[in-house]
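Peer 1: Here's the letter readout for the chains.
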Amino acid sequence: MTSSASTDVVVIGSGFGGAIPAYHLAAGGARVVVLERGPWLSSEEFDHDFKLGSSYTRIFDFTVGDGMSVLGGNCVGGGSVVYFATMPRAPRFVFERQGSIGRRMWPAAITRATLDPWYDRVCESLPVTMQSWDKVPYAGGLFAAACAHAGRTANPVPSAVDVDKCTNCNWMMAGCRFDAKRSLLLNYLPAALAHGAEIRPLHEVQHLSRTDDGGYRVHYRIVDAEDYRILHDSGTIDARIVIVAAGAGATPVILQRSEPTLGTMPPAVGRYFSGNGERLNTAVFDDDRVREVLGLSRPDGRGYAANQIGRGPTVATWDRLDPDLPEYERYSLEQLFFPLGLGTILAQVPDAQGPSWFGLEKKEMLRRWQSWLTLFTMSEDDNEGVFGPPPATGNADRISQQMLGRGPLRYRPTANTLRGWAAADADARDILERDGLARVMPWTNDVVGAYTVHPLSSCRIGDDPATSALDDRHELRQHPGIFVTDGSAVPGALTVNPALTIAALAERAVPGIVRAAQERGIDVTYHGALPDGTVTAVPQVVPS
Amino acid sequence: MQPETPEEQQARVLTLEAFADTIIPGAKRSADDRAIAGVSTDGGAVESGALALMEDPAGGLALMLGTLSEALNAHATGYAEANDLTLDPAVPPFVALAFDHRTALLGHLLAPDSPEKEMWVGLALFSNMAYDSAAHMNTVDALAAGHPGLLAIGITKPDDDGLWRFPEYSYGRPLSRLHPHTTPTGSPA
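Residue numbers (numbering that gives the first Met the number 0), protein chains in the order written: chain W, 0 to 543; chain E, 0 to 188.
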């Protein structure tokens, strides 16, 4: 069965890139429909459960590519529901990066200074708060102490977690049961709904086409609520403005699939993908050394043995975010938690005599899981990811009924990326292996290739049409009225967690989208109020 | 497609159990257990429910298991010939391999340059998930039932409502100098 409808604006995806423009456009008077591929869960439905079919697999996607696997949200609220809510701003030098193109990757209009007011708005809206040492969980404290012991600095990272509500259960990737994590389900999305926006879950957009009046037709399929391999009815919605915010692993696929109906896409659609230079190391700590060398102890006398306790990453060292270091050699190292289910198989046994990631020695390593600390590298990769031809539907051929699929992304790390990873690995060992504190090994890339929880740049903004799919207002080149506002718009790796930057860019893009909507005859204005109704000064967007 | 005979089914189960036992090894369930090599002293992937997870229709491997089992045994036969090993015909070829040989064969099949890597990685992933997260069971039930993997890993039990809370979670004091260029909002400069 096919249904059809029309509206002013269709937003594809309900993560940061979708929810933020959806709210502002609805608040400004536009008719807005948000199409979200994943289900819509409330906090009571966020399970503490690894069983297939629990919220952990319903709202979370693991897409295996050729050399790069991507983890991301798949639900109303997108990445904000499954992420760890760690919200630093990107360092100043990131905006000056050249990458492999021999010129500044970011549009001239965007620097850290010009983005700071937009960061401020998101920080106020979610909100994002600074974190204090007295509430840093054990794993973050241990990492900080190890950094100090190695002569380094370490910082509690700003976070969108309401620490007073948090139980430190470390189930954040299955959604926050306690509403401590300030996901979009608690701010922008309810505000969008209050202003009349409509959110349709389990609507997977397949492609776009043009309408006779210069607008666009959005073609979707209904996804089965339990078995995402099954697609039901199809439908279309006509709109004068389309905002594509399906995530960096899906946005370019929708646009590529639309080429036969929309016409040629800019060459940067589906190219320049960045995994945010991400890489993981696992440290296994010697509890005696934690007590003796670092002087740490828990109330029960143990030094650490608290891998299960916490709220994802809470402490990072930014010593290598030094603008004077060469490009590709700058990175942050952040203490992280990675849940069971996917979080152990790639960890490697130090000094393994046999296989490093499976077998008897790996089993022995797993017995010490509570003494593990996962260390997260976010570095400067080389935007080397390229999307191949789109699968028949969606952005992956789904293997499991939920979560696991195989996608068309190909990634071969360049010597630049590998150099950064090697430097970060050596740094991790230098910090954590001192005086016998721990043994450290990187996760293997031999099993599923590299991996990222922060896919970026596959449809990026820039000033150069050859290397950027979007102009600096996030409009898709050669296709006026289509905007992209998710992580795929970010030009390159950020060396820190990117959610706040994605959100700030989306906030910054909204006034331009409103102007484009007005030019297309939509009765909408930009008020710039925060989702709770607070009216604040609106930053200026430098005209392009 | 012909339905599986009881003998074929038994061979498939033994073969897949032997695969899972090579990923996370366990103790033999009985003296005549052939699938589990018995190189570990407590439960591994098999006792953790690897077969149940592989056979779960939600996982996506269930329809491939017969093919995977046959392919693995064909590889085992080839491996035995190449290494001049005599296999016990009473069990499937992969099951007849000693643990070290099973490990060596899987090392080849799972290697980055293996043309079949993807399907064996899938099977390895499910074997590991059975042990490290009991993804075929409700986690609370798995803990209550003494799931060998979750117990060995040391997952604590949740509160009575099935939710985890950790009232004690912090060392509670500054443990490092901050980066000198930290901005007033707590971010890098």
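Treat the hints as calculated values from the structure; they're not laboratory data. Every residue gets a Cβ at the ideal spot worked out from N, C-alpha and C, and that includes glycine. Among the hints, erroneous ones may be present.
Restraint-style ranges between C-beta atoms, simulated for each label pair [unchecked claim]:
(1) W:443 with E:28: 26 to 32 Å
(2) W:300 with E:3: 34 to 40 Å
(3) E:8 with W:445: 31 to 37 Å
(4) W:195 with E:188: 25 to 31 Å
Peer 1: Now look at each hint and say whether the structure bears it out.
Peer 2: Hint by hint, here is what the structure shows:
| no. | hint | in the structure |
| --- | --- | --- |
| 1 | W:443 with E:28: 26 to 32 Å | 30 Å, holds |
| 2 | W:300 with E:3: 34 to 40 Å | 55 Å, violated |
| 3 | E:8 with W:445: 31 to 37 Å | 33 Å, holds |
| 4 | W:195 with E:188: 25 to 31 Å | 41 Å, violated |
The structure is inconsistent with the numbered hints 2 and 4, although it conforms to all the rest.
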